[in-house]
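J.: Residue-level listing of the chains:
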Amino acid sequence: MDDLSGLTTSPCYFSFGIEVVPVVRGHLAEALDLLPRNSDPALEVCAAWAELDEAAQLPTMHDVPTPEDAATALQTARALLHDAMPTSDTVARAMAYARAVRHLDDALTDLVVVAGGA
Amino acid sequence: MSYDAHIARAFRYAATALVERPRDDVDREARAWLHRDAAVLLTEIGTVATGFHPNHRERVRVEELARHPVRVMLTHLNALAHPHDPPGDHPAPSQRWAGRPDHPSAVTTAVGAWRGLVVELLQARHALAEEVDRRPSPERAWAVIGDVAALAETLATTMSDLLPPEPPDHKRLSTARTITTSLAVEAREVTRLATIAAGDTEPVTAVGGPRVTGIVTVPRPSRLPDAVTNLAHLLTLEQASVPDLLAVTRVLAQTSRATAQALTSAAEASGIPDHLTATATALNDHADHLAAAVTTHQTVLGSITPSSPLLIAQAREIGAVAVPGLRTLHGRPTAAEAASPHLLAYAETLPTVTAALRREIATLDARGLVLVRDRSETVEHGWRRTTPDDLQALTARLDNAVTAARTAPPPILATPTVAIPAIRVAAARVRRPAGRSAVGKTPSDPPRPARDAQLLRPHPLAQRPATHGGAPGYEADGAELDALVDQVLGTRPRPINWARLEEPELTEQWEALDTWVRWLVTRYCLDHREIPPCWAEHGDLIEELSALHTAHQAAYDPTGPATRPSEWHQVLANTRARLQLWVARTGCRLSEHRAPVPPAWATTGEHADA
Chain A
130 MDDLSGLTTS PCYFSFGIEV VPVVRGHLAE ALDLLPRNSD PALEVCAAWA
180 ELDEAAQLPT MHDVPTPEDA ATALQTARAL LHDAMPTSDT VARAMAYARA
230 VRHLDDALTD LVVVAGGA
Chain B
15 MSYDAHIARA FRYAATALVE RPRDDVDREA RAWLHRDAAV LLTEIGTVAT
65 GFHPNHRERV RVEELARHPV RVMLTHLNAL AHPHDPPGDH PAPSQRWAGR
115 PDHPSAVTTA VGAWRGLVVE LLQARHALAE EVDRRPSPER AWAVIGDVAA
165 LAETLATTMS DLLPPEPPDH KRLSTARTIT TSLAVEAREV TRLATIAAGD
215 TEPVTAVGGP RVTGIVTVPR PSRLPDAVTN LAHLLTLEQA SVPDLLAVTR
265 VLAQTSRATA QALTSAAEAS GIPDHLTATA TALNDHADHL AAAVTTHQTV
315 LGSITPSSPL LIAQAREIGA VAVPGLRTLH GRPTAAEAAS PHLLAYAETL
365 PTVTAALRRE IATLDARGLV LVRDRSETVE HGWRRTTPDD LQALTARLDN
415 AVTAARTAPP PILATPTVAI PAIRVAAARV RRPAGRSAVG KTPSDPPRPA
465 RDAQLLRPHP LAQRPATHGG APGYEADGAE LDALVDQVLG TRPRPINWAR
515 LEEPELTEQW EALDTWVRWL VTRYCLDHRE IPPCWAEHGD LIEELSALHT
565 AHQAAYDPTG PATRPSEWHQ VLANTRARLQ LWVARTGCRL SEHRAPVPPA
615 WATTGEHADA
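Protein chains in written order, with the working numbering: chain A, 130 to 247; chain B, 15 to 624.
Hints may be right or wrong, so weigh each one.
Unchecked claim - Anything over 12 Å on all C-beta distances counts as not near chain B; from chain A, calculated: (1) E148; (2) N167; (3) A177; (4) D182; (5) P196; (6) E197; (7) T201; (8) A221; (9) V241.
Stated by the list, open to error - Okay, the calculated bits of chain A under chain B, using three or more residues with CB under 8 Å as the criterion: (10) 156-163; (11) 187-194; (12) 203-215; (13) 222-235.
Derived by calculation from the structure, the hints in this document are not laboratory data.
Idealized CB from N, CA, C, for every residue including glycine.
Throw the hints in and build the complete structure from the sequences for me.
T.: In structure tokens:
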């Protein structure tokens, strides 16, 4: 695993050609660590993760700074995917990013519901 | 710019459009017109590619998807383009599309993304018409159909975003929801077929059940038990990867949780609240175990084995359509109660599918096909093969899920019935082919499926008259479009639903089945205790034999693996055992037929809740 925890995730960071997906996965993994294991938001995070999977490839993941909370990690991952959509190398990947973003939106909505009900 | 260039830009816009959900009513209204524009243009692109002109007054059912996938999708797409109640005032296109961004990266609002998408579709449609002024090749047609389907799914998804939560009594909104849900289902299936046509995926034809040549769509709760049963079947027959199995685990967790919520709502309006509540409790336990399993292992398990597109398609179908549909039942006791027999039937399928899931994970692990993320320095690339301890927690969770599913009380409500095929077949007054008898047939030569005759004809797209300039002037009907679909599905039989067949296909399929059953009886010397002469008068025997027939066609597909015939004989053995039970129940003898007597309440239409 690459240790990129010291790096920021600014847009110019990705202009050097580093894949966005491993960084997004890092944020998703952090979010999963912070969410209740069997919760609805955690399942949506898994769904977003699955959208980013590519057949017959092991998922790569970069370490990222530990977020304040799960919502922060999800919002960061969402922003990264959203920004990467117009410039992704294939339209299929852009659509996969879009589907992952929708799952993250659902996860964020579920988080609000859980917080409201708590 | 070419069609390909415009459609690629359209996809970029579509990606942005997909993630931006509506903010307010002004946003909704602006989008509503643009959605309609997109539906019109996607329909036209589909027409240019296939020659099929859908009629927006035509009513099609999503159940027809297995037989006429592209036709059904284009017809529903066209229905969205011609709503009964068009949105608001009718601004001119110059107003609707004004202010569109120059490039997908310049999109700042959802409406901007839709404007860009619509204009790109318009240009793509004209570019395609010029490109295929005579006719597209079948390969080109499939590529375009795949584009249309993928964008149609985006359209259906985003249109669903505009609809309020399921309205209890609003017919127009209810119809709109039905159409958008159906379109999403259809678009996913057509996308899958287009992928097969492009050669990216091998067509999958499994053997062993009545619904094995594709996915089971779930436009309504009544289809959920069949879809989950199909999922269990695919788990057994397909070579899946660990990510596939985790995806299935997640979808089942979400489905069980949503079903439990719906049953809890149903209990408020039901005469058997304790039964529904107990089932909901079991489903919640089932969901919790599966959810814990997948969320704990999603990031640490991997595999480099190929994925199973069919398994993923079925899981996605359940996750994307059934789960949101079930969630709309929460808080609507009457609607939930109406669906409760199907939800209880779903609960009944869970031990089997969950056990199959657990078994497949154990099998992959035993074969060394599961990799686990390992951060220790001694491990190269961060991944290693599993040790016996690595998956212990996962399999224990799945075992607990199986146990939880088994605690659900068995359903006590009858599953709603469908039209009885035997009656339907009899009502059609199908005349058996004259002069056919077991004696006259050559036992060693199984009959060619009726569908083959159609396949052997020249491809209809190659028969169209040439036109010059502008949009194609050819006409095509549904049969031509079906032939294009046949090119993908080939001789692979699709499920036969006798309750839905219409003439002339009903007669065609009936004759094929009749001929094949005579061959089967002759070839395997089956006596009347397994297949009586009056089998055609018994709906149960028709269904069993029809399923066996399609499985036989799939098994002897020349492009299939050589092991399939052997697998079919296993199916035959299982079917023979069931046939004996069915026949024993009929009481028929070699020289005496006893007409089946369905329960009166089912045939008279009187409801069981009286």
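J.: All hints are to be evaluated individually against the structure, with a verdict given for each.
T.: To see whether the hints hold, each was checked on the structure:
{"no.": "1", "hint": "E148", "result": "15 Å, holds"}
{"no.": "2", "hint": "N167", "result": "4 Å, violated"}
{"no.": "3", "hint": "A177", "result": "10 Å, violated"}
{"no.": "4", "hint": "D182", "result": "5 Å, violated"}
{"no.": "5", "hint": "P196", "result": "15 Å, holds"}
{"no.": "6", "hint": "E197", "result": "20 Å, holds"}
{"no.": "7", "hint": "T201", "result": "18 Å, holds"}
{"no.": "8", "hint": "A221", "result": "8 Å, violated"}
{"no.": "9", "hint": "V241", "result": "14 Å, holds"}
{"no.": "10", "hint": "156-163", "result": "holds (count 3)"}
{"no.": "11", "hint": "187-194", "result": "holds (count 3)"}
{"no.": "12", "hint": "203-215", "result": "holds (count 3)"}
{"no.": "13", "hint": "222-235", "result": "holds (count 8)"}
When held up to the earlier numbered hints, the structure conflicts with 2, 3, 4, 8 and fits the remainder.
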